[in-house]
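S.K.: Below are the chains, spelled out letter by letter.
Number of protein chains: 2
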Amino acid sequence: MGSSASESRSAAENVVEESNPPEIVISVLNTPAPPPLWHELTWPIREGIFPCRKESSSLFRHVISVLCGLFPVLSWGKRYDGKTFRSDLMAGLTLASLGIPQSIGYASLAKLDPQYGLYTSVIPPLIYAVMGSSRELAIGPVAVVSLLLSSMLQKLADPRVDPESYRKLVFTSTFFAGIFQAAFGLFRLGFLVDFLSHAATVGFMGGAAIVISLQQLKGLLGIAHFTTKTDVVSVMEAVQNAIHQPWHPENVYLGCSFLIFLLITRFIGRRIKKLFWLPAIAPLISVILSTLLVFMTRADKHGVITIQHIKGGLNPSSAKLLQFTGQNVAPCAKVGLICAIIALTEAMAVGRSFASIKGYHLDGNKEMVAMGFMNIAGSLSSCYIATGSFSRTAVNCSAGCKTAVSNIVMAITVFAALELLTRLLYYTPVAILASIILSSLLGLIDIGEAYAIWEVDKVDFLTCLGAFIGVLFGSVEIGLLIAVAISFSRIIWNLIRPQVDILGRIQGTDIFCSIKQYPMAKQASGLLILRIDSSFLYFVNANMIKERIAKWVKEEQDEIEENPKERIKSVVIDMSNVKNIDTTGIAALEELHKKLDSLGIQLVMANPGWLVIHKMKLASLVDMIGEKWIFLTVGEAVEACPNAKRDNGNG
Amino acid sequence: MGSSASESRSAAENVVEESNPPEIVISVLNTPAPPPLWHELTWPIREGIFPCRKESSSLFRHVISVLCGLFPVLSWGKRYDGKTFRSDLMAGLTLASLGIPQSIGYASLAKLDPQYGLYTSVIPPLIYAVMGSSRELAIGPVAVVSLLLSSMLQKLADPRVDPESYRKLVFTSTFFAGIFQAAFGLFRLGFLVDFLSHAATVGFMGGAAIVISLQQLKGLLGIAHFTTKTDVVSVMEAVQNAIHQPWHPENVYLGCSFLIFLLITRFIGRRIKKLFWLPAIAPLISVILSTLLVFMTRADKHGVITIQHIKGGLNPSSAKLLQFTGQNVAPCAKVGLICAIIALTEAMAVGRSFASIKGYHLDGNKEMVAMGFMNIAGSLSSCYIATGSFSRTAVNCSAGCKTAVSNIVMAITVFAALELLTRLLYYTPVAILASIILSSLLGLIDIGEAYAIWEVDKVDFLTCLGAFIGVLFGSVEIGLLIAVAISFSRIIWNLIRPQVDILGRIQGTDIFCSIKQYPMAKQASGLLILRIDSSFLYFVNANMIKERIAKWVKEEQDEIEENPKERIKSVVIDMSNVKNIDTTGIAALEELHKKLDSLGIQLVMANPGWLVIHKMKLASLVDMIGEKWIFLTVGEAVEACPNAKRDNGNG
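Going line by line, the protein sequences match chains A and B. 444 is the number that this note's numbering gives to position 444 of the first sequence; each next residue is one higher, with no gaps. 158 is the number that this note's numbering gives to position 158 of the second sequence; each next residue is one higher, with no gaps.
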């Protein structure tokens, strides 16, 4: 290949010969044809259907491998032993002691009765344990999704006036969220989750945490009439109105004192790593203590609002509550989609970070399938949207979990609580739930990370700030929309205005660098070397690049008119970044060639990408420019230019 | 700079020393800080406001230069002489002889009375002549924009039932189109015109030409009741219905015989370049001959439909017809925006191709400002949207025009015709106008170009076909929407799934190439060299790239398990394509580093872009990876890897 290619390029070779050994002059034009378009388009799908290596797969082994992919429990279950179980049992029990009060609190955030939070901590963790591939992820209801669900659905039905219709909407949205999540995984659309960037997530979570805290004022202050809106202004107005009415400060005293207790245990748990279990069981201790306190002092008669009745027993079926006809189907599907993406974003971020700490790989698409099936099953058994919780996953990991069995232990414990303990929660004050949620929100507000984003990338900080302010003063949806709009605007700006850099040679080498980035690089005289810093030359940027190059050539010539000792005779374009081109790009290169030709300037190309070479050949652009003016490296191209020989010493 | 940089990198230098002279080891980490973000963002605006070089500009010269930019006539007017005027006079008269019948025809396509087409050939060309920078562009109404305008506006008001309201909509849309065009130019949003790719334009124009031809069946067959829809199916149904009613074949005989005459002159004009004027004046000859024929035979009494009354005199003011209140403002703005983009696309394509033939540069943003003001002025003086016409510009150029004065000559001639000749057009048959439009449409259907697009780029062909079929069977808007959707889908696909190539060394050199593209390149043992083929590492692709690299490392290690003589000790990532990074990208690199570290593999980077280096330093990623593992070239990076020394001879 190499030798036949070099024969066909004898003209160019003669010029280069003096500087390089001849065998390296391989032709950029004689590479094999690139893989066809369908190959590239179907690659991710084939990859998904045939994950195992083809050479070693019989049908039986293929089925086994697909099953193992779908149910990772089949792989790790074989190696499971008693010692691992002891670790998982302890982790699961710790998890349950944190999960039960949190679940009840999040249910109230989602405007559902307390038992629905507990239901959501039973079925989804069981499904995830057999289908999910993360070992640490703790599944259950989370604060942000609970808020998102209630803030969007209570526009359609008021949970206080018509709880039955509201529940129908919740389960239908959960079903849609599950369908979307499973579909993302099956069709390998995992990239959709990436559309919410890291910075957007930081801003969004911070805003959501503040909004959720404000919602807790209802429980903490014992306000009866609260706003259904989530923005700061509406909530502050509602609080101001409530203050002018008679209220019971006992709720505040109770809530605040236990909040202080929770924060102190949290602080101790952070400082002394061995006491990690203290903040994990502190919520349960608070619930027990406060319930006893209220029960003994009968404070519920004096204005302390309590949970009162919780329906016990296992999750009832909710299959008949799903609605697939009527005017609410489209809004539920939309809510499902937004919640699916937010839930996946949180679960992925948590799962991936713990997987990378433990040094294993988490397949995003498989995780999405597992989450999808777990939410579909949840929607049929009175659960609302569950996902991986950050705070509980951290506790799970600290408590020494080894496999997803800790989720099973937690689910069984919650189930036992539903069967046996719901009556004991009658006197639990609502203010305690508010303080438990408040104490768990601190982890969501990450000022340090926001500052780090500001330091590194100003546009990302703008995205973060946009999401934060949007959530705080608009709504959760507006925050998301602002974040996505800002992050995509930057990408489009980059696409339509790629850099075109002037290159210079670093003295004594064959290395060509941007003269702006490396001021020691020297431009050759009579020759302009440009590099297109875009990975494609498509309709969005081709004309712009062409015009910029034409303008620079003109400027350089104008300068030389003032100092006419050497005019530009060649323009070398380093195309090594350009991997693809479309017909608009081809036309732009053609026009550029013609324009330079009319000025008596030779267009020389270095290292165009595979597809670019292929398409230039098909469009006869190679013949137009001339085969001998297309090179593998900028060095060869420069050597071949008529008046640029041997001036790399004095630039 | 070079020497201080090399001092600070002594660790890396020691390793490289043996292969390269020490003075070339410049540090990629010690480059000056890149220009701040606001500099890059405001650059196009500053460039627009201060087009001239700063060092030589006093206030007076600055004003002069801005004026010259806005009114190019001030530059070329000074050098204008009698000889140039003779050329322009001839070109302008030829242009008028083609323009008058075409303008009347296009007005009927726009569902307006004939005189509005003539009005549109008076004011806009005069404005363009003083503000535009193209020398050849012939301004006036064009077929596609006329069709677009009528197809979108007749949904809001029926031109046959209520012509007054319809005209109000037309002028309001024209005003908005002008505002949008001027705004695009002033805010340097010229790239918006590029969003309609070359392939999309070919498909769109082809579809529009067929749709316009079908509309001409009304005039050619003398059908009284025609459909207001533009798609093929509706038009065919309308024609079928009309055939069952009494009709007058005289219209068809007349129209077809003159169509044949026009096509023959067109053919002769193409073959014999000296007779270019023959197809240019053939429409005028047809109009005169057919009018005389009808006048003498009184054929209008026997079913031949004629134009009848045309209101003479100069353009009346239409300022009072503009509507800025009521429900139709938003639809008019939308129609204005679509027409503005289509009109600019056509004018830019025509203007740029003739400018490149004549070897001068056309500033897209200035052209847009000129077009915008010309349409705003037009909307106040009873003109509808004008733009540069392809067929008339070609005639103008062949007729030897030298400057925009030919547009002035044409405008004055059309004005004279409006004053003196409108009464003579009473007997002109409508079928002749249809045949003139039909003959001018052939240039819009470019099957050869569509085939060339198919040959070079299949996705582009899909865009072209989508636009064509969308216009033909849906509507003009659907066609545009399909084309834009297909072309942007490809870009998004490329963004989210960039290539990551495995590189190999070309034997005996320091050149590293993709082993797929250059099969002669050999991979080094114990070392994986990868190149990220994306110009940025942002949230949309960072995780995907990280996971693909992690997967490859795993695959390579699995292979080596089978053949365990050399395991991978380093992964070299060639970042030379990556010009920018966001915080998600930084986090992805950090995770990749941690993951490789946990496998005992060193991450080595070569030639990251300017901003990438800067942000990696700010995010402390450089310290984490280690300064000594970041190099300027892949060659240096490979040399520094522990077990890769001196194996470039045997791969």
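Treat the hints with care, as some may be off.
It does not matter which identical chain is meant; a pair holds if it fits inside one copy or across any two.
Stated by the list, open to error - Pairs of lysine-lysine, BS3-like flavour, derived with a Cα cap of 27 Å: (1) LYS522 <-> LYS628; (2) LYS301 <-> LYS334; (3) LYS366 <-> LYS551; (4) LYS617 <-> LYS516; (5) LYS402 <-> LYS551; (6) LYS229 <-> LYS358; (7) LYS274 <-> LYS155; (8) LYS358 <-> LYS320; (9) LYS311 <-> LYS569; (10) LYS402 <-> LYS522; (11) LYS554 <-> LYS366; (12) LYS617 <-> LYS522; (13) LYS516 <-> LYS569; (14) LYS334 <-> LYS155; (15) LYS594 <-> LYS274; (16) LYS155 <-> LYS78; (17) LYS551 <-> LYS628; (18) LYS516 <-> LYS458; (19) LYS551 <-> LYS516; (20) LYS516 <-> LYS628; (21) LYS594 <-> LYS78; (22) LYS334 <-> LYS458; (23) LYS273 <-> LYS155; (24) LYS273 <-> LYS402.
These aren't lab readings, by the way, just hints derived from the structure by calculation.
S.K.: Which hint numbers does the structure go against, in order from smallest to largest?
M.R.: 2, 6, 7, 8, 9, 10, 16, 21, 22 and 23
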